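Novice: Model the full assembly from the supplied sequences, consistent with the hints where possible.
Count the sequence shown with the working numbering and you get residues 1 to 316, in order.
Heads up, some of the hints might be wrong.
As the list claims (entries may be wrong) - Within a straight-line C-alpha distance of at most 20 Å, the following computed SDA-like cross-link-like pairs (lysine to any residue) qualify: (1) K169 to F121; (2) K102 to Q179; (3) K72 to E90; (4) K105 to K123; (5) K316 to K123; (6) K282 to D162; (7) K58 to Q87.
As the list claims (entries may be wrong) - Simulated restraints, written as ranges between beta carbons of each label pair: (8) G91 to D197: 36 to 42 Å; (9) T244 to L206: 29 to 35 Å; (10) S303 to G91: 19 to 25 Å.
In case anyone wonders, no lab produced these hints; they're calculated from the structure.
Source: prediction; values computed, not measured.
The C-beta atom is built at its ideal place from N, Cα and C for all residues, glycine as well.
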Amino acid sequence: MKFKKLKFRSVGLLAVSVVLVAGLAACNPDRNGASGTNNNAAEGGNAGTTANIGDQVKHQIIGIDPGAGIMKATAQAIQDYGLDNWQLVEGSGAAMTAALDKAIKNQDPIIITGWTPHWMFSKYDLKYLDDPKKVYGEAEEIHTIARKGLKEDEPTAYEFLDRFQWTDKQMGEIMTAIQEGQEPEAAAKAWADANEDVIAPWIEGLKPVDGKPLKLAYVAWDSEIASTNLLKYVLESKLGYKVTALQVEAGPMWTGVANGDADASVAAWLPLTHADYWNQFKDKLEDLGANMTGVKTGLVVPSYMDINSIEDLKDK
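Specialist: Dropping the structure here:
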């Protein structure tokens, strides 16, 4: 941010101004430091205008687990945009959203790694920072991947997984219910029972099985918790499978499907987020295509922050 410098005509006037400013600060100490940022944000949604944005957030971008593709993309963004003094903080999705919630309640500035679909976009007023260098790529897709041989071994499950498609809005309804306190299994069941018309094309004409085991692998992201619990419920209640949902990191998820330890996953983010895993395992598994389109990743901030682009993070 650029500020206009005031030019005083005399030393005497400057001295008087300093005294006045000091007196005002003494009368109202909350106008200094981080509290001043909070007041500005609360009054006019201008967090980020009182000081260099990097100083306000301690030059930190709050991220998730280190194995996630968005973390690799963010590390690349730090390099490509010349953010030499910035640090990408590793953690988890839960820790990141907890930090976001705390910051928003205090009207503090914060920068996080974000993706859509995610319940936080329904709960909070957020915005993506523009990415003119396209480090995060264009819109992504979430794909369904299956082990080789699943079509021959379990044609019913394979056909169901191949048909499965839904929207970010539909997923968001389950994610929001979970975030508001419902257990994932209960939220998935409630949504499925209320949306039988959506599920009907996925199972139409498929012959149920009698308790056959099936393993679905997924990463512990809110989006994948929602989708995997939904499929687990439908596969069990409508098609007769006994489903084991395996929560793992991204690497083991892809490895598990590739080597047959897991039958499938509906949590493959392509072409960017899981690009490394796709390049490593694409010949050892089957891609059934996108189950959701229009997915997005990038850096996210509260809308009250006066910043619009990743380029704005560079120290002036």
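Novice: With reference to the structure, classify each hint as holding or not holding.
Specialist: For each hint, the structure was consulted:
{"no.": "1", "hint": "K169 to F121", "verdict": "holds, 11 Å"}
{"no.": "2", "hint": "K102 to Q179", "verdict": "holds, 16 Å"}
{"no.": "3", "hint": "K72 to E90", "verdict": "holds, 11 Å"}
{"no.": "4", "hint": "K105 to K123", "verdict": "holds, 12 Å"}
{"no.": "5", "hint": "K316 to K123", "verdict": "violated, 33 Å"}
{"no.": "6", "hint": "K282 to D162", "verdict": "holds, 17 Å"}
{"no.": "7", "hint": "K58 to Q87", "verdict": "holds, 9 Å"}
{"no.": "8", "hint": "G91 to D197: 36 to 42 Å", "verdict": "holds, 39 Å"}
{"no.": "9", "hint": "T244 to L206: 29 to 35 Å", "verdict": "violated, 20 Å"}
{"no.": "10", "hint": "S303 to G91: 19 to 25 Å", "verdict": "holds, 23 Å"}
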